[in-house]
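Taking the hints into account, I'd like the entire structure generated from these sequences.
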Amino acid sequence: MRGVIGLWALALLAAVEAGVVGADVQPGAQTKATPIDDKWFRIVPLESASETSSNASIGDLNADGHLDVVLSKGRHWRVASRVFFGDGKGHMVNGPTLPSKAVKSYSASLADMTKSGHLDIVLSNDQPDQKLVLLNDGKGHFRIGGTYGDRNWKTRNAAVGDLNGDGYPDIAVANRSMAS
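If you're matching positions, the sequence shown starts at 132 in this note's numbering and goes up one per residue.
It should be emphasised that the hints constitute simulated quantities derived from the structure, not laboratory data. There's no promise every hint is true.
[Said to hold, decoys possible] 30 Å max Cα-Cα, derived DSBU-like pairs, lysine-lysine:
1) K232 / K270
2) K232 / K246
3) K270 / K246
4) K220 / K285
5) K270 / K220
6) K285 / K246
[Unchecked claim] Simulated restraints, written as ranges between beta carbons of each label pair:
7) A310 / W208: 21 to 29 Å
8) H222 / Y299: 21 to 29 Å
9) G292 / A180: 31 to 39 Å
10) A233 / G296: 16 to 24 Å
11) D218 / P259: 34 to 42 Å
Predicted model only: the values in this text are computed from it and were never measured. Backbone N, C-alpha and C define an ideal beta-carbon position, used for all residues, glycine too.
Written out as structure tokens, the structure reads:
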């Protein structure tokens, strides 16, 4: 249920950004449009099959002025997280493969970890996978920039912000059945 709500939220966000009218249920399939709060929306499927998606993060990853999506995947299973680039008209296309291989991700927080002006990805992964910081080249291509925490943590979420006021991003981690 949580994944369905997340996909509806992404669809609504894409529709608001694009100002579209209509409703696509599946790629190429047309249905009667449905109003929500006096606005029309289009369902934008990100993938043809759902593979244990756990979270979605939205931000401009390739500096084109349009919102993009990082879909964290896996949870307890090894499934690669994915990037989708938005065109500002409600369409999403596959972005480059993330360098983290298949990991058990729960969240992918977006933040500028290096003060480069580009959104990087902080992946929270379940044990025994490394918790990763993926650095953005500014065009939406990522490389592993480092790790954080302990491989044995049952990490469910990682939030990023300047917690101590030093001007650099910090990572706060939520773990399951253990100290966070």
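Legend entry - Violations among the numbered hints, reported as their numbers in ascending order: The structure conflicts with hints 4, 8, 10, although it agrees with all the remaining ones.
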